[in-house]
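**Q** Chain by chain, the residues:
Protein chains: 2
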Amino acid sequence: MGFTCPAPSAAPARITLAHGGGGRMTQRLIDTVFRPAFTNAALDAAHDGAAFSAGGARLAFTTDSYVVRPLFFPGGNIGDLAVNGTVNDLAMCGARPVALSAAFLLEEGLHIGELEVVVASMRNAARAAGVSIVAGDTKVVEHGKGDGMFITTSGIGLVEYGEIAPRRVRPGDAVIVSGDLGAHGIAILSMRDGLDFDGAVASDTAPLWAPVSALLTAGIDLHCLRDLTRGGLASALNEIAVAAGVSMVIDETAIETAPAVCAACELLGLDPLYVANEGRFVAFVAADDLPRTLETLRRMRVSRHAALVGHVKKADPGVVTVRSRIGGSRVLDLLSGEQLPRIC
Amino acid sequence: MGFTCPAPSAAPARITLAHGGGGRMTQRLIDTVFRPAFTNAALDAAHDGAAFSAGGARLAFTTDSYVVRPLFFPGGNIGDLAVNGTVNDLAMCGARPVALSAAFLLEEGLHIGELEVVVASMRNAARAAGVSIVAGDTKVVEHGKGDGMFITTSGIGLVEYGEIAPRRVRPGDAVIVSGDLGAHGIAILSMRDGLDFDGAVASDTAPLWAPVSALLTAGIDLHCLRDLTRGGLASALNEIAVAAGVSMVIDETAIETAPAVCAACELLGLDPLYVANEGRFVAFVAADDLPRTLETLRRMRVSRHAALVGHVKKADPGVVTVRSRIGGSRVLDLLSGEQLPRIC
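Protein chains in written order, with this note's numbering: chain S, 1 to 344; chain C, 1 to 344.
What the hints contain is simulated information worked out from the structure, not anything from laboratory work.
The beta carbon of each residue, even a glycine, is placed where N, CA and C say it ideally should be.
Residues from chain C that face chain S, not an exhaustive set, calculated with beta carbons under 8 Å: (1) Ile15; (2) Thr62; (3) Lys139; (4) Leu158.
Here are the simulated DMTMM-like pairs of lysine to aspartate or glutamate, each with C-alpha atoms no more than 20 Å apart in a straight line: (5) S:Lys145 / C:Glu108; (6) C:Lys145 / S:Glu142; (7) C:Lys145 / C:Glu108; (8) S:Lys314 / S:Asp333; (9) C:Lys313 / C:Asp288; (10) C:Lys145 / S:Glu107; (11) S:Lys145 / C:Glu107.
Over 10 Å on every C-beta distance to chain S, these chain C residues come out as not near it, computed from the model: (12) Ala128; (13) Tyr161; (14) Arg167; (15) Arg192; (16) Ser213; (17) Ala214; (18) Gly219; (19) Ile220; (20) Leu267; (21) Glu295; (22) Arg301; (23) Gly327; (24) Ser329.
Next up, chain S with everything else stripped away, as it sits in the complex (with noise of 0.2 Å):
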């Protein structure tokens, strides 16, 4: 028929796990194959969510899929982590969520009573962050091409609010972690490989839409927010240096991590500055900002936690640093591999 599949290129470059955890592969594959192909303002701006006018009104759009291994894991499963990321991602852009869409890909064989109760777990994630699922596809493909099941979610948020986004980000900036970290990876990876960990590690999957909103409702001027989701806190500060042409100074002493999980990482060999959360997120503000800031995501349990654990400065732009523990200094860099393969 005169068709064939096109050639590989002279060097065969491969997909590995690494260009899916969130670090400098999946930054490089996202700088040369994506972003020169679908160039675009919306696109360019490197956020969670673009954000556009279309109609008269200003939305938020963003788009995860899910691919956590195992489906259920303490604290929640691949529905509720499927619906509260497309939600916080949207919050991310200090967007109100208010329409999702969810498409499944099944494996065969999979039993249809896990599959009802991940729905059921997005039905109750979508009802507490006030959004409804609007629009689904369901594809299946065969046993053994695929792993279970595959949710991918899209949402779209309206913007009421001004521009909140990493060029915003200033030298002078207060960071501010709103709890405590690494929750989420630890109790994926307490479920994997007969790992038992001393304490039970729940995940903090949690919608994170509240906690944004009360800030803008404050009138608090929010620079820039990003869940700290793939690669952990370290990913996200890294990503928004690189895009607001900024340095940041993190006190890793403020950063608060549960004993369980901490002891959790020390076994592992893992930082939690790395490990991924799904129920928590930086904000950049204003100096002038902070107390208020402070006062208001701490009246709030997903965000009782809250703290300030760093700045943001002029020089060396794209580095953030580290002031360890024991009271020296360290470059926090971009993971280049993958930590945690199938997070989230």
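Place chain C on chain S using the hints.
**A** Chain C in isolation, oriented as in the chain S frame:
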């Protein structure tokens, strides 16, 4: 840790390929698992996309996962399919596509060169449809846990005219099909299992906003539109007949099928009315609007073979009857199983 996976239900029903076929089993899964959990007005409209208002704008929102196998086929690849498919779901709501998202689910080991070809096709398809890809995501799963590449696209469109939906279909409406049927399904099958048909069949994948826009601009009151993807014309008509509470009588001799598609269907025992298309749609208009509808569609290349194929009736709600070439009459039922797995 006191945590266990949910127990499978007493009768451990499992997902089968038929649940993804777009026929009766897909419908049952939607009706028993998804719709009861996610119920809301937009979802309950049972349309290709959800329509709702936000911030004063009338929006349409849709999502689809693409799992087509093979990734590359005559006439296109998974990339342009994913863009055109979502553009078309918006067009079927009468919505001008304004923004797309793309979530990539890659299998470890995929050639990055293949990804680049797919991404370039997506860029070209988006340009042809006048829409930007503004948000994206990349996840990677281990070799053997995926199948090369799955893509989920979601889309936002602006609804600038009146409602286009199944519930507006009325007895007396003309049923118009925009062109010849079955090319996409046969193009995919020609690549599988070493089949080689006499004469090339290329997929009909194409964006459909231009013909829909032309009809709206011409002032034609479109009652309902539906693109003829998974499950083909037969499934689209059945879904709409049920949703609208009407019946339909279709004249098989009015339906065009290319000779090579016809020959392939005969060889494989397939009914072209059930074969997937990716650039064809059915339109329902009042009888008075029929001449102008056909005239407008036939002026555009993608719909130059538009034809009246039947009428909407009042008796026997939900039943679609086809008058065959040899004069007999048969009920055109929903397929209960899966005719062509992973066709899109």
